[in-house]
Structures are given as structure tokens and as C-alpha cells.
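Based on the hints, put chain V in the right spot on chain F.
Sequence lines, in order, name chains F and V. FYI, our numbering numbers position 14 of the first sequence as 14, with every residue one higher than the one before it. FYI, our numbering numbers position 145 of the second sequence as 145, with every residue one higher than the one before it.
The hints are simulated quantities; they were obtained by calculation from the structure and are not laboratory data. There's no promise every hint is true.
Claimed, not checked - Partial pick of chain V residues on the chain F-facing surface, computed with a CB cut under 8 Å:
1. R68
2. T72
3. N137
4. P138
5. L139
Unchecked claim - Label pairs and their calculated CB-CB ranges:
6. F:K15 - V:A93: 19 to 29 Å
7. F:G48 - V:S271: 44 to 54 Å
8. F:R24 - V:P13: 22 to 32 Å
9. V:D65 - F:K15: 11 to 21 Å
10. V:A93 - F:S57: 39 to 49 Å
11. F:G73 - V:A125: 53 to 63 Å
12. V:N67 - F:E30: 17 to 27 Å
13. V:A301 - F:D45: 53 to 63 Å
14. V:H363 - F:S57: 51 to 61 Å
Said to hold, decoys possible - Chain F side only, calculated, beta carbon under 10 Å to chain V, not exhaustive:
15. T12
16. V13
17. V51
18. A52
Even glycine gets a Cβ: it sits at the ideal position worked out from N, Cα and C.
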Amino acid sequence: MFIDYLINLLGTVYKVPGTIDPDRSFVDLEVDSLSLAELGAQLEDELGVEVAEEDLSSLTTVSELARLLESRGADIPA
Amino acid sequence: MSTSRHTSRHRSPEVVITGLGMVTPAGTDTMTSWKAVCAGLPTAAPDARLQGLPVDFSCATSGFDANRLLGTDARRMDPFSQYAVAAAREAVADAAPGDGGWDPARVGVLMGSACGGLGTWLEQAARLAEARPRPVNPLAVPKAIGNMAAASVSMDLGLHGVSLGLSTACASGASALGFALDLLRAGRCDAVLAGGTDAAVLPITSAGFDRLKALSRRRDAPSAASRPFDRERDGFVLAEGAAVLVLEHAEAARARGRRPYARLLGYGESSDAYHLTSPHPEGKGAQLAMRQALADAGVSASEVALVNAHATSTPQGDAVEARLIEHFFGSHTAVTSTKGVTGHMLGAAGAVEAAFTALSIDHGVIPPTANFETPGADVADIDIVHRTARHAPVPIAVSNAFGFGGHNAVVVLGRP
Numbered sequence: 001m002f003i004d005y006l007i008n009l010l011g012t013v014y015k016v017p018g019t020i021d022p023d024r025s026f027v028d029l030e031v032d033s034l035s036l037a038e039l040g041a042q043l044e045d046e047l048g049v050e051v052a053e054e055d056l057s058s059l060t061t062v063s064e065l066a067r068l069l070e071s072r073g074a075d076i077p078a
Numbered sequence: 001m002s003t004s005r006h007t008s009r010h011r012s013p014e015v016v017i018t019g020l021g022m023v024t025p026a027g028t029d030t031m032t033s034w035k036a037v038c039a040g041l042p043t044a045a046p047d048a049r050l051q052g053l054p055v056d057f058s059c060a061t062s063g064f065d066a067n068r069l070l071g072t073d074a075r076r077m078d079p080f081s082q083y084a085v086a087a088a089r090e091a092v093a094d095a096a097p098g099d100g101g102w103d104p105a106r107v108g109v110l111m112g113s114a115c116g117g118l119g120t121w122l123e124q125a126a127r128l129a130e131a132r133p134r135p136v137n138p139l140a141v142p143k144a145i146g147n148m149a150a151a152s153v154s155m156d157l158g159l160h161g162v163s164l165g166l167s168t169a170c171a172s173g174a175s176a177l178g179f180a181l182d183l184l185r186a187g188r189c190d191a192v193l194a195g196g197t198d199a200a201v202l203p204i205t206s207a208g209f210d211r212l213k214a215l216s217r218r219r220d221a222p223s224a225a226s227r228p229f230d231r232e233r234d235g236f237v238l239a240e241g242a243a244v245l246v247l248e249h250a251e252a253a254r255a256r257g258r259r260p261y262a263r264l265l266g267y268g269e270s271s272d273a274y275h276l277t278s279p280h281p282e283g284k285g286a287q288l289a290m291r292q293a294l295a296d297a298g299v300s301a302s303e304v305a306l307v308n309a310h311a312t313s314t315p316q317g318d319a320v321e322a323r324l325i326e327h328f329f330g331s332h333t334a335v336t337s338t339k340g341v342t343g344h345m346l347g348a349a350g351a352v353e354a355a356f357t358a359l360s361i362d363h364g365v366i367p368p369t370a371n372f373e374t375p376g377a378d379v380a381d382i383d384i385v386h387r388t389a390r391h392a393p394v395p396i397a398v399s400n401a402f403g404f405g406g407h408n409a410v411v412v413l414g415r416p
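Extracted from the complex, chain F is given alone in its bound form (with noise of 0.2 Å):
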């Protein structure tokens, strides 16, 4: 559930054009590092978990960060 998520939201805030491949990496998808922190700090505040830096590198895929916010016990917010 955390990919349609986060497929959604690098699509509309993020600005990832066409259809995203969650194996692929954001260097892949071209997301820059600022986005990608800022990406971290959305994801912390939405869901209220800690995304640290070594959590989320350039070459994290969206479905790995999608593991990593389910085993952190994130909730998607209504």
C-alpha cells in the first residue's frame, strides 16, 4: 500500500513524469537531492516515523522505502 502512496506522491509533488517503476531507484527517476530530502522529512512528518539520511539514499528504490515505512509501523494518513 505504501507504493501507490509514495507513486502518488513523487507524481504530483515531486513532479516524476510518465508511469514510475517502484524498482527503480531515484537517481533512476531523476529525483535531485533536494527533493529527496525533502521527500524524508514529508514522509516523517506525514506518517510520523523517522526516515533517517542512510535510510533513503539516491540509490533506494521506491518499493525498499516502501518496506522500510511498513516495518516502521507508518500510517498512511485519511
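Quick look at chain V alone, frame taken from chain F:
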């Protein structure tokens, strides 16, 4: 600087104002703001952001919708940048450079601001004070730093010329116009988007200016609080917004058939070198700026038909400025302060008022000084337009802006 009349005007290429854009408490675009200012409708009202403070009212840009204008990019800008981008888009659309009309490398951006991204600094500092493990947003610094209004305008419009944020406190918007004029005269740019912006209606500024006794405390009747030159004035009303003017060489405007609002004839910029917050009691720095501006424009005081005064509605500032105006222009030049309607937009004020001055020249209409009824005993004998707008030709006009620290900026505009 030339001392003889009509010299500098011919020495330099003629610079004209071909585009106006603004976000003010009186409207989220130029024409809405201008109509409200001409109608003399004050905008001061209670402000929920200031609830519980000794001064809990302001002139707010309540109709401004950043998300509608900027989409998700809005989150990456402090409101001081959002206002600037909104005003810049309107100004460029108005100037209508057309396809291929400007070389982006030759278009500059000069944006004045007194407070920059102060709201973002405070919001993020509050998060830091909560001592959460990772409290500060990565956008905190890039949103808040003072150059970002100029940088955001350059980014938004794809302009590659000089992009500069500057601050002379509440003179910033007028200073930006002056230095833009220099860039154009020097041939460094073909066009410059010059203006001012501030989004500092915040608890810290309300409380801080109040501690200086600079703000009106007319809580029982906020709409009557901003009353420049009036006997009952007791301070200014905090306001927010931005204005951007497109300045360019007259020849370029002529070549594409864009009739300018006005010419920017000259400017003066000086420092009182006197006091943190008070103007020089004899207005010496302001006099210097006015002399410089008139000489730079190559006009004599008797040719000036209108002064758009800085007059913020403070007891001391308005009295000093009224003496300055009387000293140069006597009682036969029309004087207005549009702050009766807009309140004091801080670093945006000088640009907004220069834009209104350009419209006065273009329309032959002088907006009234809202709330002005009876001149203060300390206000010199000058012709303050009040009650209703005055219809009169305005061939040449002056717009004043003064800032904490003793900054004085005066711009001279004329009919094209």
C-alpha cells in the same frame, strides 16, 4: 552627477515602465489594487495571525492563493517569494515582450525586501525549539534566505541576467528601481524586473514594531488606523505584498509598439547616517536624496505635479516628510499617501507606490489619502489629496521611500 537641467536626460538612454504587477492588501493584481486605492477604501482589519497581541490587526493579502498560482511549487517558496513571482508574472505579461522579444541573458531581476523569509525562519526555529529528533525541514534555508525572491523570479521566468536581492528596509522597493535604472543606463541589461516584496505580517514584527511605538494601536477601529498626515495618526499598519515593474529602454518598447505607463527619469539614494530608527529631524538625508533625484532626472521642483509620499502614518515620520515636501515644492504640488489604503508594505512599499505613481501619470488620476481629515499641527502646509481621487494631468511625479537605518530613496517619473 549633472547640475544643469535637462542634461542627464539626454546623456543616457531613455528608460520606460512598460509592465506592472502587484499583490497588495487592496487586490491580487494591479488594476484591482489601483481601483481600491483610487476609491480610498482602507484595508486594515483584525488579523487572526496576530491574535492576543497589543496590535492584532493588519493589511493582509487575504485573496492571494499561492497554490492556485504556483501549484506544488508553492511549498518551495516563502510567501515573500510567492508574492514576488506573482507580481513578476503579471508585470511581464503586461509588458508583453512577445516571442523572442527579450534575450533572457539581458534581463535582470532586482528585488528589494526588508524581512526576506522571516516567516520561514520563525516557523522552522519553532520546530527546532520543540526538540524533535529531526525537526528542521530541508527547505528551511533555501526558502528563507533573503535573495530568494529575486532568484525565484529568475527561475520562474527563465531570466539569466543579474538577479539580486537588496535591502534598504522600507526603502527597498524604490532602491531596486534606482539601481535598475543604473543597469539600464549602463547598458548591462535590456530590461530589468525591479520591485519589492515582504511577507512579514507576523507576531514578531507586530510585537517588535509595537515596542518601538511605530504601530497604530487603534484596535477599536482598524480601518481608520492608517491615516497619513492626519492629526489623529498614531502609527503605521503592518501590511504585506509585492510589486514588480518592468523597466526597459524606450526604443525597445517603441519598436514593438508597447506604449509605456511612464518614464523613469531619475533617482536619488542617500543615507542619514544618523539613527537606527528615527529620520534626521531636519530631513537632511531625505533632502539630499530629493536633490539628487531631481538633478538626475533633469527636472526642477516646479515641474513636479505629484508627490507620492512615503508617509506611513507615524507622528514623527509624516511631520518630517511634510516639511521636506514643503521645502522643495511648497503648497502647490499635489501630495498623496496610498498607505491610508494599503498600510505599510515594508520593503514592497517603494515599488508599489512607484507603480501607483506611474498609473497616476498614465491615467491623470491622483488617489486620495484615505482617512486623512485634518492635518496635524506639526504637518506643514502642503496640498494633501483626500476624500476623493483628483483628476489632474501629472506630467512629472516623485515617489519617496524611507527606511530604518536612515535609507532615503526618491524616484522621479514622467509622462512618456
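Results for each hint:
no.	hint	result
1	R68	violated, 15 Å
2	T72	holds, 5 Å
3	N137	holds, 5 Å
4	P138	holds, 4 Å
5	L139	holds, 6 Å
6	F:K15 - V:A93: 19 to 29 Å	holds, 24 Å
7	F:G48 - V:S271: 44 to 54 Å	holds, 52 Å
8	F:R24 - V:P13: 22 to 32 Å	violated, 54 Å
9	V:D65 - F:K15: 11 to 21 Å	holds, 20 Å
10	V:A93 - F:S57: 39 to 49 Å	holds, 42 Å
11	F:G73 - V:A125: 53 to 63 Å	violated, 30 Å
12	V:N67 - F:E30: 17 to 27 Å	holds, 24 Å
13	V:A301 - F:D45: 53 to 63 Å	holds, 58 Å
14	V:H363 - F:S57: 51 to 61 Å	holds, 59 Å
15	T12	holds, 6 Å
16	V13	holds, 5 Å
17	V51	holds, 8 Å
18	A52	holds, 8 Å
Figure legend: structure checked against the earlier numbered hints; hints not met, in rising order: 1, 8 and 11.
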